[in-house]
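Novice: Residue numbers (the working numbering), protein chains in the order written: chain A, 1 to 278; chain B, 279 to 494; chain C, 495 to 695.
Some hints could be false.
Claimed, not checked - With the C-beta cut set under 8 Å, the calculated list includes, among others, these residues of chain C facing chain B: (1) Trp618; (2) Arg643; (3) Leu664; (4) Asp666; (5) Ser667.
What the hints assert, rightly or not - What follows is a list of derived Cβ distance ranges for each label pair: (6) C:Ala673 to A:Val158: 37 to 45 Å; (7) B:His479 to C:Glu615: 44 to 52 Å; (8) C:Arg663 to A:Pro69: 21 to 29 Å; (9) A:Val174 to C:Glu615: 25 to 33 Å; (10) A:Pro259 to C:Gly678: 51 to 59 Å; (11) C:Gly616 to A:Val124: 49 to 57 Å; (12) C:Arg663 to B:His479: 43 to 51 Å; (13) C:Arg608 to B:Glu317: 33 to 41 Å; (14) B:Trp295 to C:Asp602: 31 to 39 Å.
These are calculated hints, taken from the structure and not from any lab test. All values reported here derive from a predicted model rather than from experimental measurement. Glycine included, each C-beta is placed from N, C-alpha and C at the ideal position.
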Amino acid sequence: MPRSATRTLVLMPVAIALNIALGSTVQQALKLPIYLDSVGTILTGVLAGPIAGLVTGGLTNVIWAYVLPPPLQAPTAGPFAVTAAVIGLLAGLWGWLGLFRARRATETTSLFVAVPAAALVALVIAYTFSRAYTSPQGFNSVTGFNVNAFRLSELAFVVVIVVFILLAAWLLVVRRDAGAVLALAAGLLTGLVAALVSAPISAFVFGGVTGFGGDVIVAAFRAAGSNLYQATLQQGLLSDPLDKMITSLLVFFVLAAMPRRLLARFPNGDRLVGGAPA
Amino acid sequence: MIVLDQASYRYPGTSTWALPTTSLELRPGEVVGVTGANERGKTTLCMVAAGLAPVTIGGELRGRVLVDGRPTVELAGYELAQRCGVLFDNPTVQLTGLHRIVYEEVAFGPCNLGLPLAEVHERTQAALRILAVEHLAGRNPGHLSGGETQLVALAGLLAVRPGHLVLDEPTSRLDPERSLQVADAIARVAGAGVGVLLTAHDEELLARVCGQVIEL
Amino acid sequence: MALLTALSALRAGRIQRLAVAALALTPVAASSLLINLLLPAGGGGLATAVAALLRLIGATLPLTLLFATTDAADLLNDLEARGVGRRAVFVLGAALAAVPRAQARAVDVIEAQRARGLDTEGSWRRRLRGLVPLVTPVVIGSLAEVEDRTLALEVRAFGAPGRRTLLRRLPDSRLQRAARWTMGLLLALGLAARAAGVTGP
């Protein structure tokens with residue numbers, strides 16, 4: 001076990017820069033509707049623990065919003081530092097639980113762990129969604145007052161769960177990688193929590209307007225009859241799980257591609273490379 | 279004095295012994311050269327002799343490695359830094375990337391030690407002088423040539439005043455004139471009582487400065 | 495407040511930077527106006543839009559102003575002189591230095607993958623497929639940098655306990671000290687006025 005805190009201290013600023021570079025330059029190059037701004041945060045949490053992840057996430061947004069010169073500056077990122085910090089904290093927890101360990105593709109024991117875990121996560125998500133989307137407006141919609149809200153909410157819920165099931169199936173059947181399913185489930189949970197933390201910030205600090213594509217979705221939910229807070233929550237519950245699932249998978253693939261002798265040097269290294277050395 | 283007594287080492291997360299069992303002694307003022315084909319563990323030997331492996335890197339060390347009579351595994355990173363400096367084979371990553379001028383970059387080590395300001399200046403200037411790079415003091419460390427970067431990195435190590443130096447291929451990126459300068463500097467540093475462990479392909483350099491050459 | 499901003503920016507000769515900072519707010523402003531005005535059921539009208547925008551400016555301006563008028567290296571140096579630990583100062587300073595490096599690395603990778611036929615303009619499925627070849631090299635390059643810099647810092651006694659020696663001390667004139675006290679006093683007065691209900695919500 002390495003005893004040097006220096007490695008973690010060096011990792012954090014590099015991860016912050018990674019968040020910003022991927023979240024701006026690469027995101028703009030690919031023009032995908034995901035944020036892509038927490039790869040470094042999740043990486044740091046998984047490699048170096050929850051505190052390092054928390055600091056990395058929080059500082060990323062502070063620097064992005066206030067310190068960087070304008071072409072890069074993202075003025076609305078500041079208050080969302082709270083969300084980013086929570087994402088880093090959770091990633092530390094996932095890393096500590098070994099969810100990002102690369103497992104051998106056909107290991108049957110990990111299959112037994114992965115499939116129920118994934119199903120459990122999907123259940124938790126389904127429950128949360130049903131609470132978030134079928135509150136007063138949802139019931140109204142059933143009784144015929146506001147049919148739009150019901151359709152839109154159903155759609156968001158179906159999109160997230162379908163993407164999760166499709167990705168999980170692809171990982172299991174095509175890549176035969178049960179370990180990645182655990183990382184995917186961790187991403188879905190992270191996205192759920194991120195949405196819950198972001199919604200009040202988005203609603204009460206910014207009035208639902210943060211200058212990203214999500215604004216239109218918030219407006220659509222509001223047009224469909226949700227109040228401001230519900231609309232931002234519903235938007236977050238659509239965007240965040242998708243973004244964090246993809247980010248978690250990216251981090252998992254990167255870690256799997258890294259040489260073990262480099263990974264093993266980080267504080268969480270033992271839990272990442274697992275069992276007997278190759 | 280640095281002593282490797284039947285030392286062997288493997289990196290964390292691997293099962294091969296990157297450094298096969300090795301013994302050597304490095305006495306004050308002595309220059310010991312190490313040759314051997316690539317992948318024979320020259321760089322690993324540098325890390326082990328300086329204590330970076332296993333103290334910073336982790337992994338498993340068998341046998342004993344003593345610096346000034348104390349096992350490296352018992353020392354913290356900053357204590358090792360004051361006993362043994364290491365120049366890595368790629369000097370661009372040896373600079374911190376934090377400083378805007380070379381002078382501040384070289385002063386980084388003594389500043390970290392919390393020395394009185396006058397001593398920080400004295401050590402920084404002495405380190406720049408012994409390598410004859412005083413003219414670089416005001417330059418941006420990111421805009422130096424390969425050879426200049428190598429010398430500034432070495433100056434940064436010397437400013438910490440370690441009792442030993444480990445140099446991994448110090449002249450591989452230098453032109454012949456700069457190589458001579460480095461060879462000169464090594465001789466002068468050794469003359470001041472510093473033990474130097476030096477890996478190189480360059481037979482001429484080894485013959486010029488080393489009292490003893492080991493083949494891995 | 496706006497006058498004060500303009501004055502201090504002028505003095506530091508960074509007014510250009512502030513102007514660009516204002517420009518950075520325009521997409522948010524446009525988005526806010528559009529959504530609040532054009533979507534009848536979803537918006538709250540002009541008043542809501544302006545209120546949201548003002549709140550955003552209030553939240554962003556003070557720190558933006560600080561960094562637009564202050565050199566980050568000077569600020570970090572002064573923070574350390576005032577007792578902030580070397581590790582915190584390092585993380586902040588290194589992050590600021592690492593951002594342009596990471597940007598450059600990302601741009602290099604994008605160019606290289608485009609040259610090898612990566613499709614960044616096609617359908618969203620094609621662009622999604624571009625994610626892994628773009629992200630992986632950037633992240634792996636960054637992690638390799640972590641390893642190198644860790645060793646480089648260790649051999650320069652970075653982990654030593656206690657306080658670092660500072661090469662420079664920023665001059666602190668009597669005028670500056672007086673200005674700081676005045677600003678603190680004004681802030682306290684403003685808060686007190688608000689608590690007493692003199693000014694608006």
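Novice: The structure should be examined with respect to each hint, and the outcome stated for every one.
Specialist: Going through the hints against the structure:
1. Trp618: 37 Å, violated
2. Arg643: 7 Å, holds
3. Leu664: 15 Å, violated
4. Asp666: Violated, about 18 Å.
5. Ser667: Where the cut-off is 8 Å and the nearest Cβ of chain B is about 22 Å from Ser667 (chain C), the hint is violated.
6. C:Ala673 to A:Val158: 37 to 45 Å: 59 Å, violated
7. B:His479 to C:Glu615: 44 to 52 Å: 48 Å, holds
8. C:Arg663 to A:Pro69: 21 to 29 Å: 26 Å, holds
9. A:Val174 to C:Glu615: 25 to 33 Å: 26 Å, holds
10. A:Pro259 to C:Gly678: 51 to 59 Å: About 53 Å separates the Cβ atoms of Pro259 (chain A) and Gly678 (chain C), which means 51 to 59 Å holds.
11. C:Gly616 to A:Val124: 49 to 57 Å: 36 Å, violated
12. C:Arg663 to B:His479: 43 to 51 Å: For Arg663 (chain C) and His479 (chain B) the Cβ distance comes to about 47 Å; the hint holds.
13. C:Arg608 to B:Glu317: 33 to 41 Å: The hint (33 to 41 Å, Cβ to Cβ) holds, given that Arg608 (chain C) and Glu317 (chain B) are roughly 35 Å apart.
14. B:Trp295 to C:Asp602: 31 to 39 Å: 37 Å, holds
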